[in-house]
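Read top to bottom, the protein sequences are chains A and B. Note that the first sequence covers residues 62 to 387 in my numbering. Note that the second sequence covers residues 61 to 326 in my numbering.
Accuracy of the hints is not assured; some may be wrong.
Distance condition first, Cα-Cα at most 30 Å in a straight line; then the derived DSS-like pairs of lysine-lysine [stated by the list, open to error]: (1) B:K192 <-> B:K270; (2) A:K307 <-> B:K190; (3) B:K190 <-> A:K156; (4) A:K307 <-> B:K292; (5) A:K156 <-> B:K192; (6) A:K156 <-> B:K172; (7) A:K156 <-> B:K181; (8) B:K292 <-> B:K259; (9) B:K259 <-> B:K171.
The set of hints was computed from the structure by calculation and includes no laboratory data. Because the structure is a prediction, the values reported are computed rather than measured.
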Amino acid sequence: MNLSLMAAGLSFPNLIGRLPGGVAQGIIWGIMALGVYITFRLLDVADLTVDGSFTTGGAVTVMLILAGKPAWLALLIALIAGLLAGLITGLLHTKLGIPAILSGILTQFALYSINLRIMGMSANKPVNPDRYNLLLTARTVPMAILVGAIFAIAIIAVLYWYFGTEQGSAIRSTGSNPNMSRAQGININNMKVLGLSLSNGLVALSGGLMSQYQGFADINMGRGAIVIGLAAVIIGEVLCDAFFRKGSSFYTRLTFVVLGGIAYYIVMVIILWLKLDSNDLKLFTAVLVAIFLAVPYLQAQRRSSYLLAGRRSAAFLKGKEGKKDA
Amino acid sequence: MLKLHQVSKTFNPGTINEKKALKNIDLHLEPGDYVTVIGGNGAGKSTMLNAVAGVWPVDSGAILIDGVNVTGMQEHQRAQFIGRVFQDPMTGTAPNMQIIENLALAARRGKKRGLSWGVTKAEKEEYAEKLKILGLGLEDRLTAKVGLLSGGQRQALTLLMASMQHPKLLLLDEHTAALDPTTAAKVLELSDKIISRDKLTALMITHNMKDAIRHGNRLIMMNEGEIILDVKGEEKQHLTKHDLMDKFAELAGTTLDSDEILLSKN
Numbered sequence: 062m063n064l065s066l067m068a069a070g071l072s073f074p075n076l077i078g079r080l081p082g083g084v085a086q087g088i089i090w091g092i093m094a095l096g097v098y099i100t101f102r103l104l105d106v107a108d109l110t111v112d113g114s115f116t117t118g119g120a121v122t123v124m125l126i127l128a129g130k131p132a133w134l135a136l137l138i139a140l141i142a143g144l145l146a147g148l149i150t151g152l153l154h155t156k157l158g159i160p161a162i163l164s165g166i167l168t169q170f171a172l173y174s175i176n177l178r179i180m181g182m183s184a185n186k187p188v189n190p191d192r193y194n195l196l197l198t199a200r201t202v203p204m205a206i207l208v209g210a211i212f213a214i215a216i217i218a219v220l221y222w223y224f225g226t227e228q229g230s231a232i233r234s235t236g237s238n239p240n241m242s243r244a245q246g247i248n249i250n251n252m253k254v255l256g257l258s259l260s261n262g263l264v265a266l267s268g269g270l271m272s273q274y275q276g277f278a279d280i281n282m283g284r285g286a287i288v289i290g291l292a293a294v295i296i297g298e299v300l301c302d303a304f305f306r307k308g309s310s311f312y313t314r315l316t317f318v319v320l321g322g323i324a325y326y327i328v329m330v331i332i333l334w335l336k337l338d339s340n341d342l343k344l345f346t347a348v349l350v351a352i353f354l355a356v357p358y359l360q361a362q363r364r365s366s367y368l369l370a371g372r373r374s375a376a377f378l379k380g381k382e383g384k385k386d387a
Numbered sequence: 061m062l063k064l065h066q067v068s069k070t071f072n073p074g075t076i077n078e079k080k081a082l083k084n085i086d087l088h089l090e091p092g093d094y095v096t097v098i099g100g101n102g103a104g105k106s107t108m109l110n111a112v113a114g115v116w117p118v119d120s121g122a123i124l125i126d127g128v129n130v131t132g133m134q135e136h137q138r139a140q141f142i143g144r145v146f147q148d149p150m151t152g153t154a155p156n157m158q159i160i161e162n163l164a165l166a167a168r169r170g171k172k173r174g175l176s177w178g179v180t181k182a183e184k185e186e187y188a189e190k191l192k193i194l195g196l197g198l199e200d201r202l203t204a205k206v207g208l209l210s211g212g213q214r215q216a217l218t219l220l221m222a223s224m225q226h227p228k229l230l231l232l233d234e235h236t237a238a239l240d241p242t243t244a245a246k247v248l249e250l251s252d253k254i255i256s257r258d259k260l261t262a263l264m265i266t267h268n269m270k271d272a273i274r275h276g277n278r279l280i281m282m283n284e285g286e287i288i289l290d291v292k293g294e295e296k297q298h299l300t301k302h303d304l305m306d307k308f309a310e311l312a313g314t315t316l317d318s319d320e321i322l323l324s325k326n
């Protein structure tokens, strides 16, 4: 491939022009990542329901808007639908003893059929921003960024409050130490169900925002959502730790999760701008997430590893021998 | 305060690994009893404490705490009556949460957890005061994550948490076994102090015969899922390590030779 030709096709203004759209989508995925943060970090559960519940949120929102309901009401009902999806996963896990990760996969699998039914058995449902009143749309990106940011700030505020309450503290302690939590009288099963519901409610809300932004709901819009959510959480945490070396407060961390979503989307915009095949995006995402997941481990390895210890010991023994010879 | 009537538990019934861990245990604790529990490995000491705490349901028999039948209650439901400290210092506290948050969680044991603040301003001062009794300087580190503390510090904190809310029963499951001798002695002393100050009813498992004799007002010895010795008051005060070893040989029908190490001579 001729690199100079490829470079000639790239225009910098083009990239700048695409960035705001990336930011808007990043904020929406960042809200989704806040949901992932609740399960992955606070509850210590890898919940795969989200791939399905994101689509559920989008489907419910679009269908309700098409039925003439106001967008805010559609979003609210999408949130409730997500809560129910999380509830199912939680009950499969706590009442039937199915491992959390499998419970999530089962619910996600079932949601595919349910989502199709919600969308009247069609795989794609467009909602025209000219005909319906949407809260945000890709046609007016600055407005979409503003609306997304307002949602993100409000959600962070609510989460900050909730996880500071007695109930929220009990959810956090369940994730931190289930044995201790039981001994302190916490019903950890209830806390898991609560956390999973709350998480999927947020994910569905974010799906509802995304469907309005892109102007359609699609049966596959949630595919890989968990990976993007994890990417946002992990990129956000790495950035947060880089900025605040002495530790950071809970709302700072939540804010950085959303910023992580934005950072992720900006990287995606750059990849697309480089005219790489968009079919390769999932591969890039996986590589990106793997890199960020590996960073803390590799950093620790740089400080201390068997390889290092072995090398040091060899040098140490050699030095000793050298002294003897002299 | 605590009554065990004919409590039995068998693990892996009907399999090659079947283990009759508790055989018709009868035990009656008066309010204010501070009972030390000794016995070799596999004697059923921890199993008995876990049966009381409700870690799993028992096979038969009844467990009553202060007259309330708790046999059908789950672990988190019984927690309203019970404070616990575990053998592993990592078990009793939430590492990702602050010292003060851990204390606040313990202060709400047995209460409904609603949407009011998880830690109130008034509590901060109260807990700082409570932490002073530990003498570890933790009162100046209220917002430090518990994961940063040493095993001994975490165990002392767990003890404080377990004694909050004036539990009807305090269960100490070899809570000093994982600590170095100096720290172990401190934590034991602290246990005595809190138990006598709050007039708690307590069950303490130990592998150390000397500790079992020196602490508490009553001593029980277990072997193969049964209580084989129960001494209290005057008789317990005059007990010696050799008495215990002789009694064990007499009652268990075997000498203590192999278990001697487990029961620890010092």
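To see whether the hints hold, each was checked on the structure:
| no. | hint | result |
| --- | --- | --- |
| 1 | B:K192 <-> B:K270 | holds, 28 Å |
| 2 | A:K307 <-> B:K190 | holds, 28 Å |
| 3 | B:K190 <-> A:K156 | violated, 39 Å |
| 4 | A:K307 <-> B:K292 | violated, 54 Å |
| 5 | A:K156 <-> B:K192 | violated, 43 Å |
| 6 | A:K156 <-> B:K172 | holds, 22 Å |
| 7 | A:K156 <-> B:K181 | violated, 37 Å |
| 8 | B:K292 <-> B:K259 | holds, 17 Å |
| 9 | B:K259 <-> B:K171 | holds, 22 Å |
Checked against the numbered hints above, the structure breaks hints 3, 4, 5, 7 and satisfies the rest.
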